[in-house]
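Q: In order, the protein sequences belong to chains A and B. Taking my numbering, I'd label the letters of the first sequence as residues 2 to 415. Taking my numbering, I'd label the letters of the second sequence as residues 189 to 440.
No lab work stands behind these hints: they were computed from the structure. This one's a predicted model, so the numbers in the text were calculated from it and none came from an experiment. Just to be clear, a hint being listed does not mean it is correct.
Derived SDA-like pairs: lysine to any residue, alpha-carbon spacing no greater than 20 Å straight-line [claimed, not checked]: (1) A/Lys334 - A/Ile344; (2) B/Lys438 - A/Leu297; (3) A/Lys371 - B/Thr247; (4) A/Lys267 - A/Phe46; (5) A/Lys371 - B/Ile257; (6) B/Lys327 - B/Leu437; (7) A/Lys371 - B/Lys327; (8) A/Lys371 - B/Arg430; (9) A/Lys334 - A/Cys315.
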Amino acid sequence: MSIIEIEKTWYPEGVERCSLGKFMKWLGVLGVVALYGFFAMLVCFAYGLGVTGLDNYFGFGLWITFDLAVIALGAGAFFTGLLRYIIRIDELKNIINLTVIKGFICYSGAMLILSLDVGQPIRSWFGYWHPNVHSMLTEVIFCITCYLMVLIIEYVPLVLEQKQINKIPFLHNLAHQMHVVMPLFAGIGAFLSTFHQGSLGGMYGVMFARPYAFRDGFFIWPWTFFLFVLSAIASGPCMTVLICGFMEKVTGRKLTTYRVKSLMCKIGGTMLLIYTVFKYLDTWAWINDILPRAGLTFDQMFYGLIYGKWLFFCELVLCLIVPVICLLTPLRKKPFFMYTGAILACAGVVINRYVFTVQALAQPVLPFTKWEMYAPNWAEWATSLMVIAYGFIIMSLSYRYLPIFPQEVGLNKK
Amino acid sequence: MSGQKKEFPITWGMVIDIDKCTGCGACMASCQTENNVEPQREASNKLRATSWMLVYELTNDKAFPNHDIAYLPRPCQQCGNPPCVSVCPVIATDKNENGGIVSQVYPRCIGCRYCVAACPYHVRYFGWYDPIWPEGMDKTLSPMTSVRPRGVVEKCTFCHHRWTQAKDAARVAGKDPENLDDGAYVTSCVQNCPSGALAFGDIKNPKHKVHELVKSPYAFRLLERLGTETQVYYISRREWVRKLGDNYLKSE
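Sequences and hints are given; from them, build the entire structure.
A: Structure representation (structure tokens):
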């Protein structure tokens, strides 16, 4: 049997895939992008972070924005897991595998970027060895690393279900047993994920000397803690739908029913509505309490075009109100509105993470300092693109060889 | 959510008389030499250059003849309630020693730069490159201060090593190292300020000059309303300078 014939025996039962040559070309393009990013990564490791566009004013930049954004968008995994295994919304079984892979990609990608972003990556384990229990970042380090392990545990049975691997009795039984205990891991995942999504928000909210980011809160948690959790579980399911829709476009095959996607968007939209209410309350309190306390006004939080108010209105109106309408009304039945709503919801979260990371630092707190500009350079872009390419590669391989979509065979019967 | 001020029996503080500062930069140069700050390879990029002590130029933004300027030297403010300490995930920076100096433990720091983000005074600097002293310049290295590897955060320590030396000297002289004379321990910037704009001592010790200086009606601290409770005080008899020390609403 030729390699091409053998490769065909690796596909999930009863599905069609593009030719191996086409697939290799696709992987080749992604591989070039990933290699370029890998080169940038090596340059960063060899010469230090001086090769990036970061500086002492912007200690956080594209990388942290990227991390926070992908972690928020990857939240579909824990939240869908919670709904599927704990709350038992059975219909989500048709998309749960996709969310797990997405979560795994997002979190492992974020870890990769984080290892670049810290100045002394070899000391990363200090987070466990010398933990500062008062730091939100300690909680982030704990939860992200633990949750990545949970995601690996959730991803492994999917890999074991690959047609050829599954023929080995031991691995077949292992996959089965892992599925049996999956609700436990879904529960652990939900717990860990909720906390670090929150802690990522808490990281900004506790910066009491940075009025742009600082928030009051409940007990030890600033309001941003809860807002980040809510925005993550609102955008996560939307991102899953977007990935699914994108995969359907690229492969030309139906992977899940519109009903499942619509349900995910409805869940995302509901969370987005709750988030919108709290975000508006929080913004009102920020403008009328936090800022005046610091002697600052709302207008002083914006500057020029890059840091202009347009971004604020984009986030709070265009990317909150509009997607809520698109996702929670009968408009959702039309693909155009559903996908527009999902895109806007995700864009809103990215803007939110960006302004909390960059604008919060750009805003001059000392009255005699001025707004500074930050522009990521090639090293930051290349490594970020590497992670995106890495995600595409993992997803492409998973789609080609693993039975991710239970409905695929039925939906594509000729 | 913003924590509590930490109190210590000894509270080292600096009082900077802005009206006496000529902006000569001797404090910056002496600090860099004393603390082995690496020769700057990107000195023209002010957002990349390391200067534990940095002199800012202030202006009242008025046209001649009412135009006025002032210079504001800015060391680490050694906040009583430091925004940088609670955020550090690995306790590489702490405020836990008598004297109230915010420490920075270089071998502990992982270089996450969360403290850099949290500090509104921009006193924290990251090592963007490997520190390199060109041949010959290594002779300027001081044995009293450790050099930092790249990838960690560094900042002004109020020349902490000088305190250790002053305590040793007191012990040798049969004096109480916990009750140093005024001037027995001063930072290098204070020692080298040619116009006497900088004063240093224990704010809580009535025998020290700074104890009185901080009570001046012209004394203020930077960003007081944020609750950082800094241990660096500024003095200016000019109201516009004092107003630039904090943010105020139009109605205030």
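Q: All hints, please: hold or fail.
A: Hint check:
| no. | hint | in the structure |
| --- | --- | --- |
| 1 | A/Lys334 - A/Ile344 | holds (16 Å) |
| 2 | B/Lys438 - A/Leu297 | holds (9 Å) |
| 3 | A/Lys371 - B/Thr247 | holds (13 Å) |
| 4 | A/Lys267 - A/Phe46 | violated (44 Å) |
| 5 | A/Lys371 - B/Ile257 | holds (17 Å) |
| 6 | B/Lys327 - B/Leu437 | violated (51 Å) |
| 7 | A/Lys371 - B/Lys327 | violated (38 Å) |
| 8 | A/Lys371 - B/Arg430 | holds (18 Å) |
| 9 | A/Lys334 - A/Cys315 | violated (25 Å) |
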